[in-house]
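Undergrad: Chain residues, written in single-letter form:
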Amino acid sequence: MKTRQVLLFLALAAATFVSLIPVLWAILTSFKQPVDAFTIPPTLVFSPTAEFHYQIWFEKGFWTFLVNSMVIAVSTVCISVPIGTMAAYALSRIETPQTRALLMVILAVRMFPHMLLALPFFVMASMLKLFDTYAIMIMALVAINQPFTIWLMRSFLVDVPRELDEAACIDGCNVWQTFVKVIVPAVRPGIVVTSLFSLLLAYNEFLFALVLTGAKTKTLPVAISEYGGEDITYWSLSAAGAVGIMLPILLFMVFVQRHLIRGLTMGAVKG
Amino acid sequence: MNTHRGLVWFLAPSLLVLLAMLVYPLGYALYLSLFDFYLPSNAPKFIGVGNYLALLGEARFWSAVYNTFVIVMASVALEFCLGLALAVGLYKLRFGAHGLMVVLFVPHIITPVVAALFLRWIFVGQWGLIDATFWPLGIFTPDWLGDPIWAKVTVVLADAWKATPFMMLVLYAGLQSLDQSLIEAATVDGANGRQLLFRVVLPLMRPIILFVVSIRIMDAFRFFDTIYVLTGGGPGTATETLTLYTYSVGFSRLEVGKASALGVVTLLIVLGLISAFVSFIYRRERGRF
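The listed protein sequences correspond, in order, to chains A and B.
For the first sequence, position 119 (counting from the first letter as 1) is numbered 119 according to the working numbering, and the numbering increases by one without interruption.
So the mapping is simple: the working numbering equals the position in the second sequence, first residue as 1, plus 271.
These are computed hints drawn from the structure, not numbers from a lab.
Check each hint, because a few of them may be wrong.
Rough simulated footprint, nothing fancy, chain A against chain B, three-plus residues with beta-carbon under 8 Å [unchecked claim]:
#1 351-363
#2 475-481
Here are the simulated SDA-like cross-link-like pairs (lysine to any residue), alpha carbons at most 25 Å apart as the crow flies [claimed, not checked]:
#3 LYS2/A with ALA368/B
#4 LYS60/A with VAL74/A
#5 LYS60/A with LYS181/A
#6 LYS129/A with LEU301/B
#7 LYS129/A with LYS316/B
#8 LYS363/B with VAL74/A
#9 LYS181/A with SER195/A
#10 LYS316/B with PHE131/A
#11 LYS2/A with PHE522/B
#12 LYS2/A with ARG524/B
#13 LYS2/A with HIS369/B
#14 LYS363/B with TYR302/B
#15 LYS316/B with PRO284/B
#16 LYS216/A with THR133/A
#17 LYS216/A with ALA368/B
#18 LYS218/A with GLY61/A
#19 LYS218/A with PHE522/B
Beta carbons are placed, not taken as given, at the ideal position from N, Cα and C, and that holds for glycine.
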């Protein structure tokens, strides 16, 4: 029995390693001189250089795209999570056929092909002269994040006992006071998890950013996609950029590892 | 006693945003789809269902539909098999499962564009990690990104790389919530490993399997970032899905009317899939999960 466990562990560890090869390879490439980056066969031993990490973030101006990404992602979360939490609270406490139908409509919206929304956004942005502004990007991301926020927050809110609401009501709170003074503190861990996942979704978003941002508001995913790697002499540079973009996400993993299932299934599966 | 008087108003801000930023644009897209509208000309011409008729008679449209279905079905099937194998393995493992799972999750959670670039550096001809490793050994690998058939395979592998961890995680959660007494009963009755999996465990997990497969099908339908970076729909139109075709009509050729029609058709296909899915979740919701 013990050897079977060890063999199973080795098999799974091997699978894990294989799935990480692309990531590890990119990290290696980002520390290589171009002359080491494209060789046949591949080079594993080389003298590492952090030169390209410095170049891409400072000389090529990736730090400005990081600022853009952060402004857009943080603003999105600051709008999306409060209004989504309010809606989720209402939907967790009012149980009528209408609210259930509304939840299903919101879920269906989550499944919409984003391409269909990107088109009218693009046309509206060019007509309203909002193209390449933070405002249009933030509005678009708040809207597409709403279904996710509402469903995930609702899954946390249904776990908050209704006796809390009733006690607050008896103590003379109106519905707003109940929400702010009793419910929000009780569901704080859920709000943190939801905010982190919304932040990730906004940070990773590509299609809307590709279509709605320009020179002034370009986000990291769009910037790195332009360093696509057709020209192999750019590999070290674009690898350094790509690896840098990945780092905050690895940090994020550390914080939310216990909530991954719940976050990624919008609360439908509680891990 | 009415604890929740006025609570309905809590829905207002969120619904306003959804109306202004999702429902209105959607209506606008429907409206645009009835026009022959080249964006720079700024002179839309009403043509009714002309865009839709033009699409139905177009080989490139049908090729995009075909590519979408092939890529979606192949990716989801592959992800399910790999995800189930990993989930069962992790479930049986009595040490280190949590650590392995978190590491296995990295490909799923990194920015899709970045993930696609990582894969490009693996698959790209001659200098990519695969070719550069195998060619000196005299093994000639397929043209991963340049051959019409292999490009599809590469795109499917890329999607599987990103989405298998999600499948695995949800199926693992499903395995952990199984009623242990049923498994013990089947073991006592002499079921072997395979019988246990196919006759007991999988039927018990049917709801969660349906859930995760549906979610993945919807998401695979929107699959854009990875293909855009990896093959750009090429070679030719070999990996051009509906979303990529819409992108090139709408944003490269700026024919926003026709692109809207294309988007609406995609939506109709996805809606068919969604309604099946939602009716399933709705029943589950009534059973209070």
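Undergrad: Now, for every hint given, state plainly whether the structure supports it.
TA: Evaluated hints:
no. : hint                   : result
1   : 351-363                : holds (count 4)
2   : 475-481                : violated (count 1)
3   : LYS2/A with ALA368/B   : 15 Å, holds
4   : LYS60/A with VAL74/A   : 24 Å, holds
5   : LYS60/A with LYS181/A  : 48 Å, violated
6   : LYS129/A with LEU301/B : 22 Å, holds
7   : LYS129/A with LYS316/B : 22 Å, holds
8   : LYS363/B with VAL74/A  : 40 Å, violated
9   : LYS181/A with SER195/A : 19 Å, holds
10  : LYS316/B with PHE131/A : 24 Å, holds
11  : LYS2/A with PHE522/B   : 59 Å, violated
12  : LYS2/A with ARG524/B   : 62 Å, violated
13  : LYS2/A with HIS369/B   : 19 Å, holds
14  : LYS363/B with TYR302/B : 54 Å, violated
15  : LYS316/B with PRO284/B : 36 Å, violated
16  : LYS216/A with THR133/A : 7 Å, holds
17  : LYS216/A with ALA368/B : 45 Å, violated
18  : LYS218/A with GLY61/A  : 11 Å, holds
19  : LYS218/A with PHE522/B : 17 Å, holds
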